[in-house]
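A.B. asks: Residue strings, one per chain:
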Amino acid sequence: MTVDPNAATQSWPPPEPERRPGAARYLIPALVAAAVAVALGVYGKVHDPAGTAFNLAGFSSTGAVKSWLATVAFFFALVQLVSALMVYGKLPGPRWSATAHRWSGRVAFLVAVPVAVHCLYALGFQSYESRVLWHSLLGCFFFGVFSAKMLLLRSERLPGWLLPIVGGLVFSALTILWLTSALWFFRTFGVTT
Amino acid sequence: MKRSGPLLTLLAGLLVGLFMLSLNATTGEKSTSSYVKPPSSGNPSPSTKASPGTPPARTSAPANPSPARTPVPGGVYTGRTDDDSSAVAITVRDDKAIAYVCDGHNIESWLQGDVKDDGSLRLTGKGGASLDGKVKGTKEIRGTAHVGSGSYAFTIGRTNKSSGLYRANSTVAGARIEGGWIVLPDGEQVGILKRDGKPSPAPEIDPETGAVTVDGQQLTARPVTP
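Protein sequences, first through last, are from chains A and B. Going by this note's numbering, the residue at position 107 of the first sequence is 102; the numbering climbs one at a time, nothing skipped. In this note's numbering, each number is its position in the second sequence, counted from 1, plus 8.
Any given hint could turn out to be false.
Which chain A residues stay away from chain B? Per the calculated CB distances, all over 10 Å, these [claimed, not checked]:
1. ALA25
2. PHE70
3. MET81
4. ARG101
5. LEU105
6. VAL108
7. LEU153
8. TRP156
Computed Cβ-Cβ distance ranges for the label pairs, DEER-style [as the list claims (entries may be wrong)]:
9. A:TRP156 with B:GLU212: 41 to 47 Å
10. A:VAL33 with B:GLY136: 46 to 52 Å
11. A:ALA30 with B:LYS134: 41 to 47 Å
With a straight-line Cα cutoff of 30 Å, these simulated DSS-like cross-link-like pairs (lysine-lysine) come out [said to hold, decoys possible]:
12. A:LYS40 with B:LYS147
13. B:LYS134 with B:LYS124
14. B:LYS147 with B:LYS124
15. A:LYS40 with B:LYS124
Quick caveat, the hints were computed from the structure, so don't treat them as lab data. Treat the numbers as computed from the prediction; the structure is a model and nothing was measured. Where a beta carbon is used, it is the ideal one built from N, C-alpha and C, also for glycine.
Only chain A is shown next, with the shape it has when bound in the complex (with noise of 0.2 Å):
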């Protein structure tokens, strides 16, 4: 392809410098947030479950473990609500609730992950039954709509509803997992460690 050198310029990025970023700006989050959920799915539901993984000590099973360390993250996931409340103003909060909203959301998330790595692992993206089905969907759209959230905080002037709309499905998919196999768990197995 050759150019001409005497084209008229054009300025870039091109016109209606609204419009271009805009839609990458949505665009691009929504698009990694389905390859993350469709790539755990897929691996979940391709890989062979180990049936183990590595427990901890102290711990008498890897469901307890994996149980406790959903509820710290679901503790946590109770922080972010209560303190994005507080970054929004709808709730009195000191100047540090941001920074608290920030590392309590880490925190969660960090925790959640082995969780995770466990499930994938050894359990694998499994249907038998509709608690295991929605926990299985749950667990992928998870990690989806965080790394989306994630994305979304890098970009500005986003439309004001946005986030607290994705970081309210980012705890709703969170409460409904926990809900799904930590409290199942106890109470199946009995509050044990």
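Could you slot chain B onto chain A? The hints should help.
C.D. replies: Just chain B, lined up with the frame of chain A:
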């Protein structure tokens, strides 16, 4: 390209995930046996694995038969019924017990319940099944199970190896699979596999890993704990 915090968070999560995955992949063999061990280990202190996390005030050491606590030593008890028709396995942990009675063909029952302080246990299962037992010494449980119309007396002993009680739940080719296995001290297995509720003799599991092949698909049977 402003804030990098969220990206770092994602990256950290990815790294933790990959690290755990590689840990799982490289220590897969070892961890398998350590996972099998806790519920079925028959060494003198089978609950040590469970107790470090619990506060010391709550002496959850049923292995040391202190009169204050439940005198039934934790672990897996397996054996045949007196009439040799079926096998019985009971897993005891702290004051809870779960049992499986199985003839290897079409009669089976899962039962669970509490262990009383005097060393007796009364477990119940679906369809009115029940099991009454009492610990004898530190290594035996003697009792009777009522499953369906039959009653089975048994005396079963605490196992030392990784033999014990396993179950598996899955779906294979659209059919709901539920399996239960008792691995007897001599290595013999008694198990039933139900496909959509229809019982049949179960294929053998690998007692080390719990791996079993059902209708061409590999499943994992797990040790059962109350």
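A.B. asks: Now tell me, hint by hint, if it's right for this structure.
C.D. replies: Hint check:
For ALA25 (chain A), the condition that its CB be more than 10 Å from all CB atoms of chain B holds, with the nearest at approximately 15 Å. No beta-carbon of chain B comes within 10 Å of the beta-carbon of PHE70 (chain A); the shortest separation is about 18 Å. Residue-level check passed: MET81 (chain A) sits 19 Å from the nearest beta carbon of chain B, beyond 10 Å. The beta carbon of ARG101 (chain A) sits about 5 Å from the closest Cβ of chain B, which is not more than 10 Å, so the claim that it is off the interface is violated.
The claim that LEU105 (chain A) lies off the interface is violated: its Cβ sits roughly 6 Å from the closest Cβ of chain B, which falls inside the 10 Å cut-off. Listed as outside the interface, VAL108 (chain A) is inconsistent with that label: its C-beta sits roughly 5 Å from the nearest C-beta of chain B, within the 10 Å cut-off. The beta carbon of LEU153 (chain A) is kept farther than 10 Å from every beta carbon of chain B, the shortest such distance being approximately 12 Å. No Cβ of chain B comes within 10 Å of the Cβ of TRP156 (chain A); the nearest lies about 19 Å off, and the non-interface call holds.
For TRP156 (chain A) and GLU212 (chain B), the Cβ-Cβ distance of about 58 Å falls outside the hinted range of 41 to 47 Å, so the restraint is violated. At roughly 47 Å, the beta-carbon separation of VAL33 (chain A) and GLY136 (chain B) lies within the given 46 to 52 Å, and the hint holds. The given range of 41 to 47 Å is respected by ALA30 (chain A) and LYS134 (chain B), whose C-beta atoms sit roughly 44 Å from each other. At roughly 43 Å between alpha-carbon atoms, LYS40 (chain A) and LYS147 (chain B) are farther apart than 30 Å, so this suggested pair is violated.
Proposed proximity of LYS134 (chain B) and LYS124 (chain B) is supported: the alpha carbons are some 21 Å apart, at most 30 Å. For the hint pairing LYS147 (chain B) with LYS124 (chain B), the CA-to-CA distance comes to about 17 Å; that is within 30 Å, so the pair holds. The straight-line distance between the Cα atoms of LYS40 (chain A) and LYS124 (chain B) is roughly 43 Å, outside the 30 Å bound, and the hint therefore fails.
Checked against the numbered hints given earlier, this structure breaks hints 4, 5, 6, 9, 12, 15; the rest are met.
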